[in-house]
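4 protein chains.
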Amino acid sequence: MSSPTETVPVWLPTDELAHVRERVPMVYVDAVPVRVDHLGRVERVGLLLTSRPDGTISRAVVSGRVLYGETIRESLWRHLAKDLGSEAEPQLPASPAPFTVVEYFPDPQRSGFTDPRQHAVSLAYVVPVEGHCEPSQEALDLTWVTPDEAVSEGVQQEMTGGQDRIVRLALAHAGRLP
Amino acid sequence: MSSPTETVPVWLPTDELAHVRERVPMVYVDAVPVRVDHLGRVERVGLLLTSRPDGTISRAVVSGRVLYGETIRESLWRHLAKDLGSEAEPQLPASPAPFTVVEYFPDPQRSGFTDPRQHAVSLAYVVPVEGHCEPSQEALDLTWVTPDEAVSEGVQQEMTGGQDRIVRLALAHAGRLP
Amino acid sequence: MSSPTETVPVWLPTDELAHVRERVPMVYVDAVPVRVDHLGRVERVGLLLTSRPDGTISRAVVSGRVLYGETIRESLWRHLAKDLGSEAEPQLPASPAPFTVVEYFPDPQRSGFTDPRQHAVSLAYVVPVEGHCEPSQEALDLTWVTPDEAVSEGVQQEMTGGQDRIVRLALAHAGRLP
Amino acid sequence: MSSPTETVPVWLPTDELAHVRERVPMVYVDAVPVRVDHLGRVERVGLLLTSRPDGTISRAVVSGRVLYGETIRESLWRHLAKDLGSEAEPQLPASPAPFTVVEYFPDPQRSGFTDPRQHAVSLAYVVPVEGHCEPSQEALDLTWVTPDEAVSEGVQQEMTGGQDRIVRLALAHAGRLP
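From first to last, the protein sequence lines are chains A, B, C and D.
Numbering of the first sequence is given in the UniProt record's numbering, commencing with residue 1 and proceeding in unit increments.
Numbering of the second sequence is given in the UniProt record's numbering, commencing with residue 1 and proceeding in unit increments.
Numbering of the third sequence is given in the UniProt record's numbering, commencing with residue 1 and proceeding in unit increments.
Numbering of the fourth sequence is given in the UniProt record's numbering, commencing with residue 1 and proceeding in unit increments.
Okay, chain A solo, but in the shape it has when bound (with noise of 0.2 Å):
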């Protein structure tokens, strides 16, 4: 349903941002990229290497903002083609409900996920991707790793801020949490 007069998205300047996010919360989505077999089964999870807002460089899922005037359609869209690059081809989901929602906190005892800049709510997706992906823009490095090597210790402590749960979760929500 989109419109000719559809809302454009509207960016903040960095000191209105600070401003709003020490009052609401923000809303945001993660994408769990996933290379899935022809019977939809989940093989491979995307983990980008990037720079996080705790300030460390570690693997981490397709996240972002949603920005006023944009829906989460669009918004996952953007994400993924900034994150995967141009030629990524995600296959969104028909259905708008996530398959979890992640609360980020600055406090860290609050629910597991954190976010030193703000408290957001994260709408979170499993996403099929097809064709070529690269790492565009702030990510360093992209790697697809088998569900078993996902959750295994040494993957799992290259992420912080609750971003190897939320890969546990995806994989449990594909049944392909081993």
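Do not take every clue at face value.
For chains that are exact copies, the list does not tell them apart, and a pair is met inside one copy or across any two.
Keeping only pairs whose Cα atoms sit at most 25 Å apart, straight-line, the calculated SDA-like set for lysine to any residue is [claimed, not checked]: (1) LYS82 to VAL101; (2) LYS82 to LEU39; (3) LYS82 to ARG23; (4) LYS82 to PRO108.
No lab work stands behind these hints, which were simulated from the structure alone.
Starting from the known structure of chain A, fit chains B, C and D onto it as the hints suggest.
Quick look at chains B, C and D alone, frame taken from chain A:
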């Protein structure tokens, strides 16, 4: 995972709220209160008669803003207690995933869900409620209708801004859409 | 997790099938084929014109029995290929959870979903389909209708045994119930 | 939609059951009993100590066959009452959709979920339970463990045939997988 250091939810003065509402999407929750039988089947849907953002007096489900520092579950609890009274006993779902996401825009063409005040992203839940319910504070009335009545033309026309559609989506999720 | 020792799906002779059908519920899958846009929004629903268990020629979604030894994903794939042709490219969902469970009973009063032959428990999925589709084998026709058309009185009356309700539940799950 | 003409669930003699078990997949339900706080968060998971189809005495969730003529909700209720006692008050979910589908095969390589007796397709639900619970009939014991304990190596090793994985998938669905 609550803690002694948990953030106190932040209320905003009216002008502050107006300011941020023009800059970022707001996080909301929608709760469709239902009465269920001992097997969990929805028998009744609770509809409030209330003053809506569009200026009408209309039938609606429980809905409200998530405050800075407040979890989704705390917010659901607060809005259900406010609208159904302190003797209501809502059974919040074990899973944090909403059954659908409702995107409200000022522009009625954008998604079919409208709120003239803001762009809001609302997590929608079906919430079985036990105990005595009575409309409190802003609600003028609370009626429990059957699934058949809830989707009847008469009742649907008493709902504005897409509230009728939320009720149909909730009934479908519960397998009770006639 | 297929393996060299995997069980070969077992077909039953007609009299054997009749025998077990009177003793245990059958496992079925229902797949609602959809065309989606690049953002994953449902634009069309695929309806077969086919001979139904109740003896009518009616519109219906893809539906079929899960064989002994066959996984749900293999069964979905087999029935979609059989009904939509070998050039159809179904995108099976990453999650094994159906959006609803349809319980068919011989008695039309029991659940509203009827099958005069048996008690069947069917796992229902919304399946985006790419590629060329053509009705194969038993289906007489395949039509792609918009969500509005799918719930119109004319189309709904062409569906029997609760198939119209499955289509509405699927559209609701996809956030596209008008 | 029960009715006076509703089919009476059909029990099968042992040899009849053995016969159909070799011909079609059986319909099962799995219920993971949980204790939740007033906000719906899972605090404890209920694990039975019981004699399993593989001949071991192991920890397991509530599980059982759906009879001919029985609805999924009736079957869930029957098995929960049988295993947790008549004073248990299970809160069956409003939605008929399971959080996952568990496919049991005799071959342990097929899906990771095994049942030497049969191919079974099981609809799995997380079920909050109130009231007094005590193991009845075949169960030797019932223990309530925290999410952390449930996924600890000690407890996970007491579960066979994939029961440990069902518990992890259930906790993930509830957002409580550590």
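Taking the earlier hints as the rules, which of them does this structure contradict? Of the numbered hints given earlier, the structure breaks just one, which is hint 4.
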